Amino acid sequence: MASKWLPRWFFQLASPRWCYDFTGKLIPWFAVVGGLLLAVGIVWGLLFAPSDYQQGNSFRIIYLHVPAAILAQSLYMLMAIAGAIGLIWKMKVADMVAKSVAPIGAAIAILALATGAIWGKPTWGSWWVWDARLTSMLVLLFLYLGVIALNSAIENEKTAAQSTSVLSLVGLVNIPIIKYSVEWWNTLHQPATFTLTEKPAMPAEMWMPLLVMVIATYIVFGLAIILRLRNEILVRERRSSWVKALLTR
Amino acid sequence: MAQPLLSADSLFCERDDRVLFDGLHLSVSSGEIWQVEGRNGSGKTTLLRILCGLNSHYEGNLQWRGEPIDEVQDQFLTELLFIGHQAGVSAMLSPEENLRWQCALHPSLDASLVSTSLANVGLSGFEDVPAYQLSAGQKRRIALAKLYMSSAKLWILDEPFTAIDKAGVAEKESLILKHVERGGSVIMTTHQDVSPHMPLHTLNVEQFTSSAREW
Amino acid sequence: MRQAHSMVGLFMLTFKRDLVLAYRRKSELVNPLIFFLIVASLFPIGVSPEPNFLSQLAPGLVWVAALLATLLSMESLFKSDYEDGSLEQLLLSPQPIFLVVLSKVAAHWLLSGLALTVVAPLLGVMLFLPAEGMPGLMLSLLLGTPTLSLIGAIGAALTVGLRRGGVLISLLVLPLYIPVLIFGSSAVQAAVTGLPLDGYLALLGAMLALALALAPIAAGAALRISVSG
Numbered sequence: 001m002a003s004k005w006l007p008r009w010f011f012q013l014a015s016p017r018w019c020y021d022f023t024g025k026l027i028p029w030f031a032v033v034g035g036l037l038l039a040v041g042i043v044w045g046l047l048f049a050p051s052d053y054q055q056g057n058s059f060r061i062i063y064l065h066v067p068a069a070i071l072a073q074s075l076y077m078l079m080a081i082a083g084a085i086g087l088i089w090k091m092k093v094a095d096m097v098a099k100s101v102a103p104i105g106a107a108i109a110i111l112a113l114a115t116g117a118i119w120g121k122p123t124w125g126s127w128w129v130w131d132a133r134l135t136s137m138l139v140l141l142f143l144y145l146g147v148i149a150l151n152s153a154i155e156n157e158k159t160a161a162q163s164t165s166v167l168s169l170v171g172l173v174n175i176p177i178i179k180y181s182v183e184w185w186n187t188l189h190q191p192a193t194f195t196l197t198e199k200p201a202m203p204a205e206m207w208m209p210l211l212v213m214v215i216a217t218y219i220v221f222g223l224a225i226i227l228r229l230r231n232e233i234l235v236r237e238r239r240s241s242w243v244k245a246l247l248t249r
Numbered sequence: 250m251a252q253p254l255l256s257a258d259s260l261f262c263e264r265d266d267r268v269l270f271d272g273l274h275l276s277v278s279s280g281e282i283w284q285v286e287g288r289n290g291s292g293k294t295t296l297l298r299i300l301c302g303l304n305s306h307y308e309g310n311l312q313w314r315g316e317p318i319d320e321v322q323d324q325f326l327t328e329l330l331f332i333g334h335q336a337g338v339s340a341m342l343s344p345e346e347n348l349r350w351q352c353a354l355h356p357s358l359d360a361s362l363v364s365t366s367l368a369n370v371g372l373s374g375f376e377d378v379p380a381y382q383l384s385a386g387q388k389r390r391i392a393l394a395k396l397y398m399s400s401a402k403l404w405i406l407d408e409p410f411t412a413i414d415k416a417g418v419a420e421k422e423s424l425i426l427k428h429v430e431r432g433g434s435v436i437m438t439t440h441q442d443v444s445p446h447m448p449l450h451t452l453n454v455e456q457f458t459s460s461a462r463e464w
Numbered sequence: 465m466r467q468a469h470s471m472v473g474l475f476m477l478t479f480k481r482d483l484v485l486a487y488r489r490k491s492e493l494v495n496p497l498i499f500f501l502i503v504a505s506l507f508p509i510g511v512s513p514e515p516n517f518l519s520q521l522a523p524g525l526v527w528v529a530a531l532l533a534t535l536l537s538m539e540s541l542f543k544s545d546y547e548d549g550s551l552e553q554l555l556l557s558p559q560p561i562f563l564v565v566l567s568k569v570a571a572h573w574l575l576s577g578l579a580l581t582v583v584a585p586l587l588g589v590m591l592f593l594p595a596e597g598m599p600g601l602m603l604s605l606l607l608g609t610p611t612l613s614l615i616g617a618i619g620a621a622l623t624v625g626l627r628r629g630g631v632l633i634s635l636l637v638l639p640l641y642i643p644v645l646i647f648g649s650s651a652v653q654a655a656v657t658g659l660p661l662d663g664y665l666a667l668l669g670a671m672l673a674l675a676l677a678l679a680p681i682a683a684g685a686a687l688r689i690s691v692s693g
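Here the protein sequences come in this chain order: A, B and C. If you read the first sequence in the working numbering, its first letter stands for residue 1, the second for the next number, and so on. If you read the second sequence in the working numbering, its first letter stands for residue 250, the second for the next number, and so on. If you read the third sequence in the working numbering, its first letter stands for residue 465, the second for the next number, and so on.
Hint data in this document are derived by calculation from the structure and do not stem from the laboratory. Where hints are given, some of them may not hold.
What follows is a set of in silico ranges between Cβ atoms, one per label pair, in the way DEER data are often shown [claimed, not checked]:
1. B:461 to C:676: 38 to 46 Å
2. A:189 to C:562: 36 to 44 Å
3. A:234 to B:440: 40 to 48 Å
4. B:368 to A:77: 56 to 64 Å
5. B:309 to A:189: 51 to 59 Å
6. A:184 to C:516: 22 to 30 Å
7. A:203 to C:631: 43 to 51 Å
8. A:125 to C:516: 23 to 31 Å
9. C:673 to A:189: 25 to 33 Å
10. A:24 to B:455: 36 to 44 Å
11. A:204 to B:309: 55 to 63 Å
12. A:39 to C:562: 51 to 59 Å
13. B:411 to A:25: 56 to 64 Å
Note that the structure is a prediction, hence the values are computed from the model and not measured. Every residue gets a Cβ at the ideal spot worked out from N, C-alpha and C, and that includes glycine.
Here chain A stands alone, though its shape is the one from the complex:
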């Protein structure tokens, strides 16, 4: 197969047991660093960063909204790539990663939408507005929900993993097309919308806490994925001797 040119660690990853042990070592680091960064980011962003001259304090929600939006998109990519690896190289661990990421990605997409709505109320006067970014995020949520729905509809674990991998890949190919068309549609229909401030246009005092928050959310939700993944590994490998030994300890 294509195995000859792949590094050894790639196949080491394929062992659920190795993965379980390795992620176990990562947990304390992720928890501590993530928690610290999150605390720093929230305090900085919500209390100390300068307020926007137009929106006042309500814009501070972007310190949650932007990281959530970025993460929702990255996680979909992770899910699709993990699924592809599981499909092509028949790696169980890759399938388990994809399955663990899906609900978390969906939850973050909902968080992004909710924080977008919270931001929208004081800014635009309504809880929802069909702007390009929110609409794209909504469609991304639908894509996540589709993957989750397909996974739960198929009883056979392996078939479910393979089918959802195909679906995630199809979704991945479509995401740029959807984003482009929604942006285009938005310019056609909306008067000058208040777009989210782009990072470069913001002064350092504003985007630095944002960067901290982005990194913090990656780590914190990375931790959530790791915890789900470890659970999934235990469930799937429940017949193996190492899991049995673990559970009887």
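Chain A is fixed; fit chains B and C onto it per the hints.
Chains B and C alone, transformed into the frame defined by chain A:
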């Protein structure tokens, strides 16, 4: 010993947390008839579908003419005839229309033999009748007509004699014998009693259920 | 040469087979069209029959109705072949599965998308779409509905082994339909206001090209996976 046609090595398959078989070995050479035995639910059909390539949920090695089956997939498929549990017959099409489409799908089937094959299975006069108007046995025979049209080397047949009467069974058995005399091979499962003069190799799936597997 | 000949032969025979099958199950032929008409009628009835209001809705509304009607008929693309074992035989063919999938989708489109395109002006009249919009309506549907059938085939292939795949297909496929919907209805809108259609049709054409290249592969892979279980 000539190289085996199809060989399976250390096959492992599980369903719903139950090991169907582990460490299963099978080597089918030219001119052999193999009967796969086992109780209902023991995995006979699963094994057959794995051998065909329809079911990919297994571990182990499959080889066709000495090469890993993944690498010679197209070659393997041109030399395979599979008749599964489901007849593969569209109810809204006539026997002739059904067979013609099968011929387009499988180059090893000779389309010029459609009429004679239908006659051989006792369906002459029914060539243009939509299959839903036929009995279960007659529908089954449409699928079996392919046996008369096939130049494929390996026949994999899952319960081919279901709903066929004794005379029909005897006839199909002689057809199978002729096929292996010409160097072909057959792997099949059947609940019917196979006549004792058929030179059979048997594989009992249930012999491979105990798994010494290290999880 | 013989191989190429038999590939064309397989395409044509599969195409013909699917058309014959649909013709013999007559209800499948007409249902999507009836649905199309009913959905479009729901809006004047449920919202407002006022001409000015409806004519504004018309471009998007006809497109949404076409989308839903296509989805409705998608489930039957592979279902009966799965149930009678023909799908297994299909997957055991040494010929590329891409061909057979493309052929089936083409036959399906003829009976759904193309039929909808032909009936669409009737809906346009019922929804007070200005006459200038009609050619744009038909052109956009002509270019867009094949893409809908192709993407829908992926959904159908992924769910063919499930007992009640109907609503699930919609869930999986509708988000993927959104770009086609956006440009399709914008094309009609542009036609109504007298603006040039070229850009929209080019984009719809590009999406169709992409779908033609990728969807049958994805659907083929999904079929193998669904049958494997």
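How the hints compare with the structure:
no. : hint                       : in the structure
1   : B:461 to C:676: 38 to 46 Å : violated, 51 Å
2   : A:189 to C:562: 36 to 44 Å : holds, 38 Å
3   : A:234 to B:440: 40 to 48 Å : holds, 42 Å
4   : B:368 to A:77: 56 to 64 Å  : holds, 60 Å
5   : B:309 to A:189: 51 to 59 Å : holds, 58 Å
6   : A:184 to C:516: 22 to 30 Å : holds, 27 Å
7   : A:203 to C:631: 43 to 51 Å : holds, 49 Å
8   : A:125 to C:516: 23 to 31 Å : holds, 27 Å
9   : C:673 to A:189: 25 to 33 Å : holds, 27 Å
10  : A:24 to B:455: 36 to 44 Å  : holds, 40 Å
11  : A:204 to B:309: 55 to 63 Å : holds, 60 Å
12  : A:39 to C:562: 51 to 59 Å  : holds, 54 Å
13  : B:411 to A:25: 56 to 64 Å  : holds, 57 Å
Of the numbered hints listed earlier, the single one contradicted by the structure is hint 1.
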